[in-house]
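*Asks:* Here is what each chain is made of, one letter per residue.
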Amino acid sequence: MPKVQATAQPGIRHAGRPLEVGRIAFPKASGLTVIIPAYNEAGSIADTLRSLQNQTVRPDAIFVVDDCSTDGTGEVARAFGATVIRPARNTGSKAGAQNVALTRVDTEFTMAIDADTTLAPDAIEKLLAAFDHPKVAAVCGFVIPRYVSTLWERGRYIEYLFAFSFYKPIQDYYSKPLISSGCFSAYRTTSLRRTGGWSTRTLAEDMDLTWSFYQAGYRVRFVPEAVCYPIEPHTFGFMSKQLKRWSHGFVQNVRLHWRGLFHVPYLRSAVAVSVWDATVASVAYLFILPLLALLVNPWFLLGYVIDVPAMLVPVIVEAAARREIPRVLLSVPAFLVLRIVNGLSFVEAFWTECILRKPFKVYEKGH
Amino acid sequence: MNVGLPGTGIGGLFYLITAFLMPVVELVRTMQGRSSWQRWSIVGRQTGLASGVVGCLWATGYAVTHLGVGPLHGTHAAAAGQVTRAMGVAPSMWTYLTLGFILLAVECGRWWFVRAGQPIDHASEST
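Chains as they are written, first to last, in this note's numbering: chain X, 1 to 367; chain G, 1001 to 1127.
It should be emphasised that the hints constitute simulated quantities derived from the structure, not laboratory data.
There may be inaccurate statements among the hints.
[Stated by the list, open to error] In silico negatives: residues of chain G with every beta carbon more than 10 Å from chain X: (1) Val1028; (2) Gly1033; (3) Arg1034; (4) Trp1094.
[As the list claims (entries may be wrong)] Pair ranges (Cβ atoms, derived): (5) X:Leu286 / G:Ile1017: 34 to 44 Å; (6) X:Asn90 / G:Leu1097: 29 to 39 Å; (7) X:Val305 / G:Gln1038: 36 to 46 Å; (8) X:Thr103 / G:Ala1063: 51 to 61 Å; (9) G:Ala1116 / X:Val305: 43 to 53 Å; (10) G:Ile1017 / X:Arg50: 36 to 46 Å; (11) X:Asp106 / G:Trp1112: 42 to 52 Å; (12) G:Trp1037 / X:Asp122: 19 to 29 Å.
[Stated by the list, open to error] If you want a taste of the chain G side facing chain X, the calculated C-beta under 8 Å gives, among others: (13) Ile1010; (14) Phe1014; (15) Tyr1015; (16) Met1022; (17) Ile1042; (18) Gln1046; (19) Leu1049; (20) Gly1052; (21) Thr1060; (22) Ile1102; (23) Leu1103; (24) Val1106; (25) Gly1109; (26) Phe1113.
For clarity, every value in this text was computed on a predicted model and none was experimentally measured.
Using N, Cα and C, we set each Cβ at its ideal position, and we do this for glycine too.
Next comes chain X alone, as it looks inside the complex:
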């Protein structure tokens, strides 16, 4: 366990100017501690902390794990009244940073949120309400990109609208959300500790934790009304780093948990079809379709877009409720590009992890 130093000081100036929001005393009511792992997040963590202060149910404590940032992240966090924990050296991963803070949590619930993520004002209230059974160990919410401007943000916007409005509620109905998203989830602290906290053995610590919960007999819930807004990768460089981490993390988790997953109904089927889609469907999409178009008939290229109208049904229904239909329509081409990059990423991950047997272990930050 790294040596840590914890401080909470108000009124620190950042970048030569005073911060607008000062220290706020959180009332002891929610039984919730928020953990924010942060490495060089001075530009975004203020929004995250501000959104926590504006919650209808406020947390008892906020721990910011300043993972040896060099940009003054800790100073910004202190100015907002958060308890800053700075390990003696960089922990090397988000999971490592979160575990440093977990040892100090003394509340019934623990929430993990990324330092570039903001919350709807009632997000915590909605999330905590779902802990209605002692077996519920984790609850996650609806994720919407905060900024929808670049090609990659637009692609992710469509992807999330589809997944969180169609796939995830079905998974939740069968009591098996595939992942309790790492960017915004709440946990029952005792269950989290019993499961060993956030493991660093894979690059997708949220998936690892979720599947470990299921195998230990716990439940995980998805609450679509609890909305969070992360900053998504805005460039190809950031996006490819994130996708590499996610795809390798998925493969690593399948290899780690596959025996245990056989005993978890619905999840075993959902993971199996995900593996198929991530491998066979990706190969078909990336290589077989172009070959057929080249060798047989160019109309096979229709395969890249032919399912888009159907996919857009849940997306547009969700967008209509948010009054964002024009944004959706403008973002569809970006989604098609992201889908190709997604496929490439998963094929590369399966090839490297399963065929070449070279596990990818470096946690590269990509938002």
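For chain X, the structure is supplied; the task is to place chain G on it using the hints.
*Replies:* Showing chain G alone in chain X's frame:
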């Protein structure tokens, strides 16, 4: 995070089928006294979305193969038909068989592990 290629192929079909099974499951829960209006509203929403997806798939497949979108004639129309079937827009027997094979393989794997004496976590089964 998401896994795979959202919208395409077997994964999409899996979620469509499980969405259409939701009213059946909920009916059983209702008869057992374990349902609520809130649960039925979720079932109605997801089943409605799934119906919209299927309707749109059918309309797209019909437009491509019958209405000459493109325009398509002769071999072009045949190719478009192959594409729609291959991509699950007009799910063929092959698509269903593939999904069935995957789900069967998973159940066989589970059965094998049970026979091999691996413990089953009944706590998670009961959810």
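*Asks:* Provide an ascending list of the numbers of those earlier hints which the structure does not satisfy.
*Replies:* 5, 6
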